[in-house]
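*Asks:* Given the coordinates of chain A, assemble chain B with the ligands onto it according to the supplied hints.
Protein chains: 2
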Amino acid sequence: MIIQKTENSRISTFDPNNFSFGGTFSDHMIICEYEDGKWGEVKLVPYGPLLFTPAMMGVNYGQACFEGMKAYKDKDGQVFLFRPEKNFERINKSANRLAMPSVTEEIFLEGLKALIDIDREWVPQGEGNSLYIRPLIFATEEALKARISNKYMFAIVATPAKMYYTEPVSVKISDHYSRAASGGVGSAKAAGNYAASFYPTQLAMEEGYDQIIWTDDATHEYFEESGTMNVFVRINDTIYTPPTSEKILDGVTRDSFIQLANRRGFDVKVEPIKVKDVVEAQKNGTLKEVWGVGTAVVTTVFQALGYNGEKLELPRLSDEESFAVILKNDLVNLQNNLSEDPFGWRVLVDHALETV
Amino acid sequence: MIIQKTENSRISTFDPNNFSFGGTFSDHMIICEYEDGKWGEVKLVPYGPLLFTPAMMGVNYGQACFEGMKAYKDKDGQVFLFRPEKNFERINKSANRLAMPSVTEEIFLEGLKALIDIDREWVPQGEGNSLYIRPLIFATEEALKARISNKYMFAIVATPAKMYYTEPVSVKISDHYSRAASGGVGSAKAAGNYAASFYPTQLAMEEGYDQIIWTDDATHEYFEESGTMNVFVRINDTIYTPPTSEKILDGVTRDSFIQLANRRGFDVKVEPIKVKDVVEAQKNGTLKEVWGVGTAVVTTVFQALGYNGEKLELPRLSDEESFAVILKNDLVNLQNNLSEDPFGWRVLVDHALETV
Ligand SMILES: Cc1ncc(COP(=O)(O)O)c(C=O)c1O
Ligand SMILES: Cc1ncc(COP(=O)(O)O)c(C=O)c1O
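Quick mapping for you: the protein sequence lines, in order, are chains A and B. According to the working numbering, the first sequence is numbered sequentially starting from 3. According to the working numbering, the second sequence is numbered sequentially starting from 3.
No wet-lab data here; the hints were simulated from the structure. Just to be clear, a hint being listed does not mean it is correct.
No distinction is drawn between identical chains; accordingly, a pair holds when it is met within one copy or between any pair of copies.
Straight line, CA to CA, 30 Å or less: simulated BS3-like cross-link-like pairs of lysine-lysine [to be verified]:
no., residue 1, residue 2
1, 278, 7
2, 40, 7
3, 95, 147
4, 271, 313
5, 88, 164
Excised from the complex, chain A in its bound form:
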């Protein structure tokens, strides 16, 4: 790894009590370039601009995929990653579906640890705080032909993060727009999936909702995901979540929730969720909770579902009654080293670059 430390650290300008998520970047970034059929050396360099022309295939043909993960700082200042090998696996799954080269463990995991090590001061401490980390691969060849690129860049950038939604949100069950096609790229964290969701989300916001629950594009009868989260539904005391598929992203938070719920002895069913069944459960009072989970938001509890022009209100449970809140706390405590880690999910970021 080539390491070029910044001579102008911006850390003194970073106020952990006053920053906006997503727009403040840590001092460094990882970059690695792919050419002639292979990846070059990993470089740790100051965060900043690089040279690309508007003919770059990444922006022309959307050959680009990414990951989202976080680093957490405990009360002693130790920094942890959470299940990073899951993101490593998933970026390669996404890359494969988009006909892009996979990255090696050395590039992804070693690059990641080096970046978080050197930028550990950028990981804010305290409840709900973390450093959000964005690994990505995008096509960099300059060519105007719709074909697989011959050049790529792998990069990791990071931005301090705090709690996303603080209020419970209302979500609209989609009856027209959709996120993924059968035989499409819904299970990949493909760049284009996100752009496709913005306009429908904006329309839902104009109707007074915060987010969308995506349904299958053919019939709109089944739940898929919610915004950029996987979705859970609780009817009586049973928790449901749809199985992952080629249309549903295999979320790390979803998987962790399922395991945490099992540990608590909650009844979890991984099976298709029918819109009709959820609406019926709401009408007959058995629908207790609906929530979304993902790295960025951790958990968002929904207070109402929009369906067919109606706003279906959900009960307001106390923190003790809410499975969503109980499981969220289990997860957050584990991520922040406030509880045991029987699963081996936490990965300590060593101090390896101090003498560089």
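*Replies:* Structure of chain B with the ligands alone, referenced to chain A:
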């Protein structure tokens, strides 16, 4: 418009008889930046790299769309665009679906004419030759939150082009992968649509095909498009093409073919095409031709259709018998100023920047 002419023209290095499509760029490009809710001034500058970080939203969330069009040079050296207002309309339709700002006629059409005027020497003369032009809009804000970007770049770059496919090609009728979801972005020239198509196309190539005929994602029973082309089927003497929809790109070449076919008195039906009907027509000998149309390739005639593990051969018609070839010639002659233009499709590019 701010005009900054190159001081190092590369035109002397350009050999119109020996270049590869898509990788050679003309001397200049148009750029225009969007910020604070409005577009800035249009700039005509030397083609080359600009500064972007890997946090650029365009490559993270795929908020990017493009156009593809061509400039043609006639035997007297006059340069023409073909129906540029259609591409102007369509880029704004794409932008709208991706929650991006639309561009004005001044930015798009004036920028386009200025670029082609100044780089007119890059338009190669002769049959099948042209300058391929790529207008695009992409998100440039640096932010790691999946939301609508606040900053964009509009750009136009150009590359000399020649005939695409020279041989008739074999195409596979897709029975698993798909290009577009109902309620998705198939009718937009969204960057992400192309990346999504590469892997399935690669698989089809490994099976010995050159391209895919996309079918509807829910049932795979209906033709949608072929590769990056709209598709036409001729059964006996009737030409069929599917109606455009939210899943099918509204191609300029498709529209031109329909009008040219009508002018010739051919029987053209714009209606859904069932895979089953095409296969049946092939079996009973009434399937005469299947072809794809688009700006890049103009027309590609298919010699075989892959379906259900079978390779269905198509008849080899002479140029005089082939509706595809007759209509292609009508179009190419019109584009290259070799025939009358009763439709008013040709737009002459004036010499306006000579004294700059
Ligand atoms: C579409 C989509 N679904 C679900 C998730 C949740 O995945 P994870 O828990 O791995 O963050 C994400 C990412 O945050 C996503 O983009
Ligand atoms: C998906 C797709 N379909 C069809 C076409 C044909 O459109 P046009 O004739 O406007 O080039 C294109 C663009 O070339 C395309 O990308």
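*Asks:* Hint compliance check: list the failing hint numbers for this structure, sorted ascending.
*Replies:* Of the numbered hints, just 1 does not hold.
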